[in-house]
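**Q** Required output: the full structure, derived from the provided sequences and hints.
Below, each chain spelled out in residue letters.
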Amino acid sequence: MELAFDDGLLRIARTDIPPGLRVAGEVDHNNTPAFGEVLAAATHTGGDVHVDLAGLEFINVEGLRLLMSAAAQVSPSGALVLEALPPHLFRVIHLAGWDATPGLEFGGAR
Amino acid sequence: MTTSDPHATPRDGFVHHTSIYSSDHEFLAMAVPFVADGLDRGEPVLVTTTPANLQLLSDSLGARAGLVDYAESAHFGRRPPQRVAAFHRYWQRHTPTPGGGRVRILAEPIWPGKSPREIRAWTRMEAGLNEILAATNIWMICPYDTRLVDPAIVADSQRTHPARMDGRYAQACDGYGDPAVVAGGLDTEALPAPPPDAVVGELHGELGRVRHLVATQAAGYGLTGERLRLLVLAVNEAAEYLTEQARTPGTIRTWMQAGTIVVDVHQPAVGVTDPWVGFRPPGLAAGGQAGLWLARQVCDAVEVRAHGGGTTIRLEVPGPRAEELLQTHTPYTT
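Those protein sequences? They're chains E and D, same order as listed.
Here this note's numbering = 1-based position in the first sequence + 1.
Here this note's numbering = 1-based position in the second sequence + 9.
To be clear, the hints were calculated from the coordinates, so they are not data collected in a lab.
Check the hints yourself; a few may be wrong.
Unchecked claim - Here are the in silico distance ranges between beta carbons for each label pair: (1) D:ARG256 <-> E:ASP8: 13 to 23 Å; (2) D:ARG256 <-> E:HIS45: 43 to 53 Å; (3) D:ALA83 <-> E:HIS95: 49 to 59 Å; (4) D:ARG50 <-> E:ASP8: 53 to 63 Å.
Each residue gets a CB set at the ideal place from its N, CA and C atoms; glycine is no exception.
**A** Here it is in structure tokens:
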């Protein structure tokens with residue numbers, strides 16, 4: 002695992018098996034630009050990208066929107082799979098109508 | 010303007026009629042042709058009204074009643090932002106319509122039993138729909154029953170709808186007002202002052218501290234699980250919106266009042282003047298107001314008030330004694 006970002010609040014590591022990212026800590030307005038860049042780099046190569054959110058403590062709505070954009074980006078050649086998404090964020094994604102985003106998939110529940 | 014053909018309404022853009030009726034007969038004289046003409050044209054038709062009116066309409070339409078999408082108003086958008094979202098979802102799912110027709114919605118708001126504050130919020134929504142849904146091709150008629158609804162509210166419907174529909178006949182509302190002016194007129198009363206024992210924190214660029222303060226306080230009031238997380242998210246979004254407008258430090262206050270948890274987010278240096286901020290449904294594009302939109306969806310009330318050069322966003326969620334929420338699976342009914 003290779004560390005892709007760490008600002009003390011948010012830590013993102015790149016994973017090989019499955020290919021993707023492991024996100025821990027808090028995504029908020031101070032680090033959403035960096036979060037978006039790491040996501041863009043991970044979805045750049047095509048194929049499925051797994052984003053493991055088991056260590057996620059907080060994510061703002063802009064952070065969620067960036068995840069949706071990344072899913073749309075990786076589609077149709079692959080999917081963005083959200084692993085261990087906290088249940089209240091399912092609700093937010095559904096409310097916003099973002100659950101229909103192409104390329105968005107949900108992996109294991111938390 | 011009187012037109013004998015209500016279909017002479019413009020083909021593009023949102024059309025919003027009030028329909029003031031005082032009998033079942035008058036209701037049906039408007040509703041049956043509106044619905045039946047829509048069905049004839051193959052247009053999607055949604056009827057959201059009282060159970061009594063749903064029954065009346067269903068009896069009149071006979072076998073064709075089965076072609077109508079329907080909902081009881083009380084359960085289709087509990088609060089105004091949720092109602093707007095429900096209309097928008099229906100439109101999104103049914104557009105583009107076959108042959109480029111309209112999406113028809115008969116939408117009767119429920120007024121009896123509402124508090125003065127709720128009446129202001131729903132009146133504000135009626136005005137706001139003209140702006141918020143302007144880019145849709147929805148044709149919406151909002152029936153007002155003079156047997157049940159306060160005359161002042163009925164009269165206000167002619168300020169919040171550009172035209173009224175009587176039977177099959179549309180006529181401009183002389184009293185129609187600029188929606189922003191109508192909204193401004195509803196906000197003349199200041200928000201009640203926070204109590205002296207409200208817990209005060211600082212609002213600045215480190216929103217983690219704001220989230221921690223709100224999470225600690227709300228947990229102390231007994232809020233748990235998803236409802237606690239959604240409140241923290243809603244407050245974060247309000248705080249993020251205001252800190253992005255100006256970096257001057259602000260304040261955050263939380264308190265509990267009659268079973269409701271209240272959070273004020275105050276930014277002293279920026280006046281938010283958009284009356285529909287957070288009402289427009291979010292897309293995937295950057296730079297929207299998805300955060301405030303979400304806050305409005307998951308809170309019982311969100312008020313955005315510019316005053317004294319600054320802005321306060323007040324968010325309210327039901328506390329742990331909200332029995333209805335304790336007995337439902339999902340934290341918020343939409």
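**Q** Now look at each hint and say whether the structure bears it out.
**A** How the hints compare with the structure:
Restraint check, ARG256 of chain D to ASP8 of chain E: a C-beta distance of roughly 19 Å satisfies the suggested window 13 to 23 Å. Taking 43 to 53 Å as the suggested C-beta distance range, the pair ARG256 of chain D and HIS45 of chain E does not conform, at roughly 33 Å. Restraint check, ALA83 of chain D to HIS95 of chain E: a C-beta distance of roughly 22 Å breaks the suggested window 49 to 59 Å. Here the CB-CB span from ARG50 of chain D to ASP8 of chain E is close to 56 Å, well matched to the stated 53 to 63 Å.
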